[in-house]
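2 protein chains.
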Amino acid sequence: MLRAKQTLPKKTLSKRTLSMPTIKDVALAAGCSTATVSRALANPEKVSEATRQRVAHAIAEVGYVPNVAARNLRRAESRTIVTLLPDISNPFFSEIINGMEEVAHQAGYQVLIGDCERDPGRAEAYFNLLPTNQADGIILLTSDIPRALVSHADARADAPLVMACEFFSDVDLPTVAIDNYQASAHAIDYLASLGHARIASVSGPVGNPICRERTRGYHDALAARGLSNSARVVEGDFGFRSGYQQGMTLLDGMEPRPSAIFCHSDEMAIGVLKAARQLGIGVPEELSVVGFDNIGFSEYCEPELTTVSQPRHEIGQQAMRMLLSLLAGEAVVRRQTLSTQLIVRKSTGRPAA
Amino acid sequence: MLRAKQTLPKKTLSKRTLSMPTIKDVALAAGCSTATVSRALANPEKVSEATRQRVAHAIAEVGYVPNVAARNLRRAESRTIVTLLPDISNPFFSEIINGMEEVAHQAGYQVLIGDCERDPGRAEAYFNLLPTNQADGIILLTSDIPRALVSHADARADAPLVMACEFFSDVDLPTVAIDNYQASAHAIDYLASLGHARIASVSGPVGNPICRERTRGYHDALAARGLSNSARVVEGDFGFRSGYQQGMTLLDGMEPRPSAIFCHSDEMAIGVLKAARQLGIGVPEELSVVGFDNIGFSEYCEPELTTVSQPRHEIGQQAMRMLLSLLAGEAVVRRQTLSTQLIVRKSTGRPAA
DNA sequence: CTGAAAGCGCTTACAG
DNA sequence: CTGAAAGCGCTTACAG
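Residue numbers (my numbering), protein chains in the order written: chain A, 1 to 353; chain B, 1001 to 1353.
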């Protein structure tokens, strides 16, 4: 009888030949009820040693694999976490995602990556996975989503929502991030200590709270050095092109020209590098440039980029841990701040004399 | 009675207050059976106009959203496609993924991104989603998976498996890709036509079929020009660092030094650029460099990179269309070849006289 | 065109 | 420690 099971058509990827053994088959083979098989799997301590053994053998014998769809339906969960990000093509996010997947997989969860780039409707579509149990929680890597999706209620209740890197100015969600104010102030301070007196900045979108924080740090650090007069901030969108364009604005138009530029992303800093090159401005002799994020490319551009490094892998891990704790109904430190590091490479130096 | 429904606790993301209306609620409100509601949704042509109307109103009234888990269990499908890729941090893939998501979402499918980088066991884990209906199909963006996962049976049957960009040397899966042999030969030809006689190459992993194709194109193109004697291929892994290292090997060690280097990826080409810079070798005056893929960086490195562009968005779209056709049981053109384009920028020129 | 009923594969009080 | 039974929310022959 058990032998018969084994002569089933060989498993292949074609649907036709596919008919997976169910919990019923296991129960039959083990000589117990499906309830007991289920328990042996989910709560082994509630099943006698002997039964557990028989079930284990039976499972191996028939080649049983639980049907997750059925389990999820019954348990009203999906074991899926979605992470919403603004742009999947930005390599900044990939290491964060790796960190998230690491802890998710270990806990038996999947992560679904939701790219919101094109269309704000996508964020809503992903949020709609929650009430229908198609997703158990969401990690937001962007604050740029329709405001209506997130409310104060979500912040107060045990909503399965975690922010990573970013935050909302008006809703206090559980968050893991760096101290953007400090990191920015520190970069400016480093530039000032080198002797720079005209330090400009290419910000990310000004509506973005973390960019505001960074710009606040920028202004305060300048003020502390008595350099406020030379402050100049232009707005980019984190991408190469906007860095190039705004680099042109700052370097071609302004008089006197800034001797240093602090950018809110490496891509923009690399765009600034290109603008400088095109204008024949030497980096770092005539211009210092600082980026943000320490993406892989920052070591391979010319010159190698000085940049603020975030612990991306760890951010991903912590954010996922936080979310899983929330799902488990555990108490959670609602605000985790990880430390950054200024990585000094070749794009910064003393200003020309 | 219907009014009562509307005073349910306001929807929030917290699970506690969550109790979504089901098809039963709709049936009640519409005064018909659940079967009819189901039909009105799935096969409206089987339901009378009047009933359809009542159902539509009832759905709006109670705020019904189908429970996808239940539907999937019943239909034995998941409406999820997984795409396996070697390394999520490589920006080459993001545009392909965008293309896939575009057509998937339109057809009511999700795409689950499976990063296989770390651990070959991950590929197997993703394949295991198939027989349990947690995924309906797989698009492979890598050929570097355990051999046992894919067999001839899969190629012959209507297995829901599609290859994009890559292919297996011994299993003929439905594939959408470029002609790597031609694209490579064409790049070499371009270099030769510029006057280069010593053209080296930094290949991707030599076990990779597409790299073999490219190397074959490289050799044949050299042979056609009588340049076989100077052929030299070193192996990289597509990443920046290996490009830099192998660039050093080619430029620092060899005598006579190659005057042009063809790389199997932009990242490696950018690594070669860095090696040349460090050795004081001018590009393109003393060395021409060609990359592959036309990633975003390639326009922002110094000098801007000449590279082979693949229609990444379209590859993603076509691969997904092919897979959905397979799932629909439709006939499919099993081999789609999309065209490439050599984008000439600043990293190539005539060799020094 | 419509409804009653069975069933997808699991889990979980409940009773013993 | 174990089993019978109900139920998660849908879909789909089957019969009318």
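No lab work stands behind these hints, which were simulated from the structure alone. Please read all numbers here as calculations on a predicted model, not as lab measurements. Treat the hints loosely; a few may be bogus.
Said to hold, decoys possible - Derived list of chain B stretches under chain A, where covered just means 3 residues or more per stretch with a C-beta under 8 Å from a C-beta of chain A:
(1) 1033 to 1046
(2) 1178 to 1186
(3) 1306 to 1313
(4) 1340 to 1350
Stated by the list, open to error - Only pairs whose alpha carbons sit at most 30 Å apart, straight line, appear in this in silico DSS-like list of lysine-lysine:
(5) A:46 x A:24
(6) A:346 x B:1346
(7) B:1046 x B:1024
(8) A:24 x B:1024
Claimed, not checked - From the derived model, a few chain A residues whose C-beta atoms are all more than 10 Å from chain B:
(9) 45
(10) 69
(11) 70
(12) 112
(13) 133
(14) 145
(15) 168
(16) 209
(17) 244
(18) 252
(19) 267
(20) 277
(21) 353
Just so you know, even glycine gets a beta-carbon here, dropped at the ideal spot from N, CA and C.
Tested hints:
no. : hint            : verdict
1   : 1033 to 1046    : violated (count 0)
2   : 1178 to 1186    : violated (count 0)
3   : 1306 to 1313    : violated (count 0)
4   : 1340 to 1350    : violated (count 0)
5   : A:46 x A:24     : 19 Å, holds
6   : A:346 x B:1346  : 23 Å, holds
7   : B:1046 x B:1024 : 19 Å, holds
8   : A:24 x B:1024   : 28 Å, holds
9   : 45              : 26 Å, holds
10  : 69              : 4 Å, violated
11  : 70              : 5 Å, violated
12  : 112             : 6 Å, violated
13  : 133             : 6 Å, violated
14  : 145             : 13 Å, holds
15  : 168             : 14 Å, holds
16  : 209             : 20 Å, holds
17  : 244             : 8 Å, violated
18  : 252             : 18 Å, holds
19  : 267             : 8 Å, violated
20  : 277             : 6 Å, violated
21  : 353             : 26 Å, holds
Figure legend: structure checked against the earlier numbered hints; hints not met, in rising order: 1, 2, 3, 4, 10, 11, 12, 13, 17, 19 and 20.
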